[in-house]
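Engineer: Below are the chains, spelled out letter by letter.
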Amino acid sequence: MQKLTADQTDGLTELINIGVGRAAGVLNDMTESHVSLRVPAITLLSQDTIDEELGDMSDDLLASVQLRFAGSFSGTAALVFPTESANKLVTALTGDDEDDQDLDEIRVGTLNEVGNIVVNGVMGSISNVLSEAIEYTVPDYKEDVIANLLRADTAGAQMTVLLAATHFTIEELRLGGEIILLFEVGSFDALVAALDQLMEE
Amino acid sequence: MRSLDVLDHVPVGVFVLTPEFKVSFWNKVLEDWTGIERGDVVGQDVTGALPHLREGRYAGRLRTIFEGGPPAVFSAQLHKHIVPARRRSGEPRLQHTTVTPLRDEDGRVSALFAIQDVTELTKRSRQYRELAAKVQAVNVELEGFAYSVSHDLRAPLRTMEGFSVALLEDYGEAIGEQGRDYLGRIIDGSRRLDSLIRDLLLYSRLSRQEISITNVPLDAVVREVVDRLRSYLNGELGNVETQTGLPHVVANRLTLVQVLTNLLSNATKFMHPDREPQIRVTAERRDEGWVRVWIEDNGIGIAADHQERIFKVFERLHGDDEFPGTGIGLAIVRVGMERLDGRVGVESVEGEGSRFWIELREGTP
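Line by line, the protein sequences are chains A and B. In terms of our numbering, the first sequence is residues 801 to 1001. In terms of our numbering, the second sequence is residues 21 to 385.
In short, the hints are calculated from the structure, not lab data. Nothing here was measured: the structure is a model prediction, and the numbers come from that model. Incorrect hints may have been included.
Said to hold, decoys possible - With the Cβ distance kept under 7 angstroms, some of the chain B side facing chain A (calculated, not the full set):
1. His72
2. Arg77
3. Pro90
4. Pro91
5. Ser95
6. Leu98
7. His116
8. Leu141
9. Ser145
10. Met180
11. Ser184
12. His292
13. Pro293
14. Gly345
15. Gly347
The C-beta atom is built at its ideal place from N, Cα and C for all residues, glycine as well.
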């Protein structure tokens, strides 16, 4: 698996933070709550180490919004939460005062939009450093354990997995989620090369 | 955009917006929802029909689409609607909208809005939520009731039994044989009622209480159950043969112990008067990751037409004097297996013996 230099790691982390920062701006415009988003660190994984790294949440049911991208730059971008945090997030953003609600269809719709905004923010900043057009699919909501969430997208291909632990702060509420970016062969290298070039300039 | 006419025939509101914020397509569903005819809106600036799309919260995200960025979702809870529209009943149509970039032959990107009416879905979700809240409240009430039953009913029962025993011990001689017989029946009855209440409580607790599911070593659990039963029955368990090397299963340990205890104690209870009791516990791998555990006995067996009802509460096939019991044991097995997302069943020939089975997902050691 490719190792990143400290500068490359910093550059990628900043790139993702620019994306989530923009997403927080959109969420602030849309809701009456003050939202801030921060990614303090990123981790790069190969498929062999992903189970180890995500072992803590391996049995938990997770809520995820996934966006696939294709073309010469291809992979999947996802925002993943434990379902309980996802539920709290929706309650905080919508001002729903009923506690203890299930993630019903309507709340799943809201979560889909929030995930869409965050993932789009990140993909927006990635596509800014790449000079090529990216094709996207419609965002997809799924609930499952982490292995199954990732399996469909990694089957048969050797992917590079970028994990960005994401801190959501909505007023007093603090929640953690993960932005997971799966890159198909060559795509991650293309991103790092584009980033290197940008840093040299 | 003639090719878009097909979207007149989908049950979704669809319109297309150009980067100049002009409407270039408006489908029949939207005509129906809004009363705005296609001819009146196509070619016009969106400000006329949908002025809010010019506001920052929408315009910013739409700009990304016009630049060929990823699709955008506008959900019902955060936006209520993209197209103001009411249903015939007068209530507003709640909408979930997905906006995707639509590229024409010249590479120009427009925004295609696909709008689902989620009013009914929202209503049903709300009804479901209310119902769930009611069920939750009833469950809390039941829990309180179960506690009262256990505490309040069992206390006077113990008094009855305790004083009957005391009476028998201290005044047994004085009340004569018939008196002692009556007292014996009171004591038996109290004990039977006590085990009935205990089983009912177990049944109700098992149906409701939260349980955690993990990998459970079947070998160790079967050994634990057999050892416990053997000591409880003072060694009179008969011949129990257990297969070694049983696999791990996905279960809650305590619930599985309860299920196997009930099945094994049934196997020891319904013995055939003319045979030395033989019990076997074995497991086999079935299709799609299931493990079936067999608990076989050579007891009295169960007639074919009774084999389903024995899993219901209070269904007893024999009188208490013949085979004592509460009639809840197999109902506890059934509800326990339901909670473990497993299955249970029986194969039996009356007079020859029974083969009860449970199925669980195979776990990892």
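Engineer: Taking 7 angstroms as the limit, does the beta-carbon of His72 (chain B) come near enough to a beta-carbon in chain A?
Structural biologist: Hint on His72 (chain B): violated, closest Cβ of chain A at ~12 angstroms, above 7 angstroms.
Engineer: Using Cβ atoms only, decide whether Arg77 (chain B) comes closer than 7 angstroms to chain A, and label the hint accordingly.
Structural biologist: At about 4 angstroms, which falls below the 7 angstroms cut-off, the nearest Cβ of chain A leaves the hint on Arg77 (chain B) intact, so it holds.
Engineer: Should the interface hint for Pro90 (chain B) be scored as holding, given a Cβ-Cβ cut-off of 7 angstroms against chain A?
Structural biologist: holds, 4 angstroms
Engineer: Restraint: Gly347 (chain B) near chain A, CB-CB cut 7 angstroms. Satisfied or not?
Structural biologist: With a minimum Cβ separation of about 36 angstroms from chain A (threshold 7 angstroms), the hint on Gly347 (chain B) is violated.
Engineer: Should the hint that Ser145 (chain B) touches chain A count as held when the rule is a Cβ pair under 7 angstroms?
Structural biologist: Holds, about 4 angstroms.
Engineer: Measuring from the C-beta of Ser184 (chain B) to each C-beta in chain A, is the shortest one below 7 angstroms?
Structural biologist: violated, 48 angstroms
Engineer: Can you verify the interface hint for Pro293 (chain B): is its Cβ closer than 7 angstroms to any Cβ in chain A?
Structural biologist: violated, 49 angstroms
Engineer: Are Met180 (chain B) and chain A close enough, Cβ to Cβ, to be under 7 angstroms, as the hint says?
Structural biologist: violated, 43 angstroms
Engineer: Going by Cβ atoms only, is Ser95 (chain B) closer than 7 angstroms to chain A?
Structural biologist: holds, 4 angstroms
Engineer: Holds or violated: His292 (chain B) as interface residue toward chain A, Cβ cutoff 7 angstroms?
Structural biologist: This hint is violated: His292 (chain B) lies away from chain A, its Cβ roughly 45 angstroms from the closest one there, beyond 7 angstroms.
Engineer: So, as I understand it, the hint says His116 (chain B) touches chain A; can you test that by seeing if any CB pair is closer than 7 angstroms?
Structural biologist: holds, 5 angstroms
Engineer: Verify the interface restraint on Pro91 (chain B): the C-beta must sit less than 7 angstroms from at least one C-beta of chain A.
Structural biologist: With a minimum Cβ separation of about 5 angstroms from chain A (threshold 7 angstroms), the hint on Pro91 (chain B) holds.
The structure is inconsistent with the numbered hints 1, 10, 11, 12, 13, 14, 15, although it conforms to all the rest.
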